[in-house]
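> Just so you know, the sequences run in chain order H and U.
Going left to right, the first sequence walks through residues 1 to 497 as this note's numbering numbers them.
Going left to right, the second sequence walks through residues 1 to 497 as this note's numbering numbers them.
Just so you know, these hints were derived from the structure itself, not from any lab.
Worth double-checking, as some hints may not be accurate.
Since the list gives no way to pick one copy over another, a pair counts as held whenever it fits inside one copy or between any two copies.
Dumping the calculated EDC-like pairs for lysine to aspartate or glutamate here, alpha-carbon to alpha-carbon at most 16 Å [as the list claims (entries may be wrong)]:
hint : residue 1 : residue 2
1    : 148       : 268
2    : 229       : 457
3    : 148       : 444
4    : 148       : 55
5    : 265       : 108
6    : 148       : 52
These numbers were taken from a predicted model, which means no experiment stands behind them.
There are 2 protein chains.
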Amino acid sequence: MAPGGTAGTEGRRNEQDAEAVASRRTMANTAVLTSQQQDFPRWYQDVLAKAELAENGPVRGTIVIRPYGYAIWERMQAEMDARIKSLGVANAYFPLFIPQAFFSKEAEHVEGFAPELAIVTQGGGKKLEEPVVVRPTSETVINSCFAKWIQSHRDLPMLLNQWANVVRWELRPRLFLRTTEFLWQEGHTAHATEEQARVFALRVLDEVYRDFMVEVMGVPVLTGRKTPKERFAGAETTWTCEGMMRDGKALQMGTSHELGQNFAKAFDITFLDDSGESSYAWQTSWGASTRLMGALVMAHGDDAGLRLPPRLAPIQVVVLAVRAEEGTAEAAQRLADELRAAHVRVEVDTRVEASFGRRVVDWELKGVPVRLEVGPRDLAKDQVVLVRRHNGTKEPLPLGQVTSTVGAVLEECQRTLSDEAMAFRTARTTAVDGVEEAVEAAADGFATLPLRALGADGEERANEAGVSVRCLVGADGGPPVPGVSEDALVAVLGRAY
Amino acid sequence: MAPGGTAGTEGRRNEQDAEAVASRRTMANTAVLTSQQQDFPRWYQDVLAKAELAENGPVRGTIVIRPYGYAIWERMQAEMDARIKSLGVANAYFPLFIPQAFFSKEAEHVEGFAPELAIVTQGGGKKLEEPVVVRPTSETVINSCFAKWIQSHRDLPMLLNQWANVVRWELRPRLFLRTTEFLWQEGHTAHATEEQARVFALRVLDEVYRDFMVEVMGVPVLTGRKTPKERFAGAETTWTCEGMMRDGKALQMGTSHELGQNFAKAFDITFLDDSGESSYAWQTSWGASTRLMGALVMAHGDDAGLRLPPRLAPIQVVVLAVRAEEGTAEAAQRLADELRAAHVRVEVDTRVEASFGRRVVDWELKGVPVRLEVGPRDLAKDQVVLVRRHNGTKEPLPLGQVTSTVGAVLEECQRTLSDEAMAFRTARTTAVDGVEEAVEAAADGFATLPLRALGADGEERANEAGVSVRCLVGADGGPPVPGVSEDALVAVLGRAY
Chain H
1 MAPGGTAGTE GRRNEQDAEA VASRRTMANT AVLTSQQQDF PRWYQDVLAK AELAENGPVR
61 GTIVIRPYGY AIWERMQAEM DARIKSLGVA NAYFPLFIPQ AFFSKEAEHV EGFAPELAIV
121 TQGGGKKLEE PVVVRPTSET VINSCFAKWI QSHRDLPMLL NQWANVVRWE LRPRLFLRTT
181 EFLWQEGHTA HATEEQARVF ALRVLDEVYR DFMVEVMGVP VLTGRKTPKE RFAGAETTWT
241 CEGMMRDGKA LQMGTSHELG QNFAKAFDIT FLDDSGESSY AWQTSWGAST RLMGALVMAH
301 GDDAGLRLPP RLAPIQVVVL AVRAEEGTAE AAQRLADELR AAHVRVEVDT RVEASFGRRV
361 VDWELKGVPV RLEVGPRDLA KDQVVLVRRH NGTKEPLPLG QVTSTVGAVL EECQRTLSDE
421 AMAFRTARTT AVDGVEEAVE AAADGFATLP LRALGADGEE RANEAGVSVR CLVGADGGPP
481 VPGVSEDALV AVLGRAY
Chain U
1 MAPGGTAGTE GRRNEQDAEA VASRRTMANT AVLTSQQQDF PRWYQDVLAK AELAENGPVR
61 GTIVIRPYGY AIWERMQAEM DARIKSLGVA NAYFPLFIPQ AFFSKEAEHV EGFAPELAIV
121 TQGGGKKLEE PVVVRPTSET VINSCFAKWI QSHRDLPMLL NQWANVVRWE LRPRLFLRTT
181 EFLWQEGHTA HATEEQARVF ALRVLDEVYR DFMVEVMGVP VLTGRKTPKE RFAGAETTWT
241 CEGMMRDGKA LQMGTSHELG QNFAKAFDIT FLDDSGESSY AWQTSWGAST RLMGALVMAH
301 GDDAGLRLPP RLAPIQVVVL AVRAEEGTAE AAQRLADELR AAHVRVEVDT RVEASFGRRV
361 VDWELKGVPV RLEVGPRDLA KDQVVLVRRH NGTKEPLPLG QVTSTVGAVL EECQRTLSDE
421 AMAFRTARTT AVDGVEEAVE AAADGFATLP LRALGADGEE RANEAGVSVR CLVGADGGPP
481 VPGVSEDALV AVLGRAY
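Bound conformation, chain H alone (with noise of 0.2 Å):
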């Protein structure tokens, strides 16, 4: 499998070698990102952009997802679609186009979305009659149907999810992260009864998105119950899955909202029970988006590009040729076949015309988990360089040992993620007695306050000085156990993106 040569060759590849190990460390030492210390908001601009993953639309807001971008999203999407079918949620679509009278059938949804429409007003070369909504969020249209299917207790509960793009007009957009367009989930739900859709909201909440951004983004998230004025506009509780990204602000990374009977009064939504009483429903609906592809950037990134957590990475591994040589493109090629019949995600690059370092920079720009170096001087010791991109560290393995150890490797970089981001949540959160002091500590991080000492205008003041309440939880930091004390809650304070 080593390639034959003189020593006088040998030679040669060494010092080949370790000029691009010092061709790469002067790459990596570029500074090919902003850092994340100096200006956030620029790395994340610059990962986006160098590790391809989106950039803007022509239309201002608007967002292109490109190829690398996608094939995570299309991993999001899979490991949320079997939760979500998992619970007896089935898939359907319903249309883009909602007629505008439909968003005045709900008095706080009309207002909290009016602002972000928008309004189809020609169609096929002619002015319409009724101008025509495009959907911000589908309750109103999905519930008209709901109205239509829904007749006796024996249609419920009725479980519905759709995949589908969303436009909520932005003025000031940042890609993934408020867009004019997005893509996302939103189930909707109706249910017998409040206990029932409660329960229901909390299990998307728990075994939906917890479990998805906990176990395969690997970021750590806060789940707990919004206040009031920052519950979705018609709902009567709004559950959120809050994380805190790498500057220490919180992103809310999925919501699951109770209705209770305000949409099933709006749109209709009766059954009739066992006793041939009729009823109105009560309901859920509950979303995550293309925000999370944000939250994945901010939440594990580092100076050199993305991390991906191996659950998540359209290339799981990469082998890397060296450079070209006899044979090196070979090896690399059947090194990468065998890790594929293992199931694992592999890219090889054998482009030796262009420079080591420089397809380094690329790949750990793009966050692959595990590069595969694979070099005349190694190949002739019958082993590759194995390099993790969380740490950096680089160690020897022999050839044979590459399939067998990979899958431990790649366990290990998503445990390592995870608890790194776990760690810092946990160094940035900081137990506070007053408002004025959870403000502070919410400069970089969050701010814990019995919910008490938040007080009637303590959400006031907080807004002021530019942080919110992120949420609020049980004393175990989970979400609030129904019929605990209010005062028993704890709030989490924190700035937003």
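With the hints as your guide, set chain U onto chain H.
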């Protein structure tokens, strides 16, 4: 496994089973649907409604795809997506909103699409300075990106696809076949030479579309070239897959376009070849949509409802507990678990409070390929009754043989639906020598006519009679081989959806 019972109760069971069968016959013979013969379009609407595939949305021309319909579409997506990726194409996502000015860049394209555009003129509570178009297709916005991303021959071929919704204002909407909003995939590629673009467009036609339609949908399709009159607005050549529905009409099921350098020139997509010369790229685009759902219904359905090919059926086998009786539901459940373990998609129907006949009618409407009836009389003999949806045959099957038999029955069903569709098309295709004959033959099928006999004005004469040239094929019935004389081509004419 079989429930015990005295001769007396066994006798009553026999009566009840007989009653169930009779009731089933009655229900099946009751006009659940308008017959195809009587009114095919009405039959189509009835099936979509009663099998719960889709219904109209509140804005005219829009569609709601219900969970059962969407589950079929998800399987179509997965099958096509795998074929698309196997050609080296990556998925990405481009914006829904396109600047109006982009549409005027390619003259034929704007002319073709202008009458169908939906235009947003208000956003965020204000009149927009520049109205934006809701994408009817994405050549313009994607090519504006290609112009940035393509610099060198090393960037080629660039092979992208997106799964998205598009909007074309429809004056005569029909669910799945022509809706104002529909779901589709659209592929967009750029190549260094005309030859490479042509080869790729034809690979998509054959390896993605034809293969999926024939092998998975079980619909035999003609693959051929569109006449200039029928080709895509902005293309040099359009290749198409044409299927025959059970009323003899043609349905265009997918198209693959050679765009030449038309969009490359309009959007300035150039690359430096290896000698340093700048050239415009050669491009393709290709799409298939939820229209395929209409094709599936109309190519295989019968007077009892859908007949789904097992490779697309969300439910391949329904296990039906005939009625409430100790052990019946449990036996049905056990059987379903066994089949699930063998990777069969199964649903159990133990809704014994509803009539057996009504449930049978429902599963036939939904086109589930295999029904296993589990009744106490059969269980006593350690058997179930297997019913094939595609031909209605019923046979007793020992319980121990179910799992080993079902796989073969599903394959038989897949093959039979495909064979029937092919036999139907063959029987309804007539070779003719003149245009008048072709128009006559196209009344209830396809007419094939040598292209030279179509003549200069034959297409127009046929169009006036409501008949169109569906495609041009070679003497072997496949897409014309490059370089073949036009005189050797055959025109296929039909009435189209």
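> Give a verdict on every hint.
Against the structure, the hints:
no. : hint         : result
1   : 148 with 268 : within (9 Å within a copy, 51 Å between copies)
2   : 229 with 457 : within (12 Å within a copy, 70 Å between copies)
3   : 148 with 444 : neither (50 Å within a copy, 38 Å between copies)
4   : 148 with 55  : between (41 Å within a copy, 11 Å between copies)
5   : 265 with 108 : within (13 Å within a copy, 50 Å between copies)
6   : 148 with 52  : between (45 Å within a copy, 13 Å between copies)
The structure fails hint 3 only (numbered hints given earlier).
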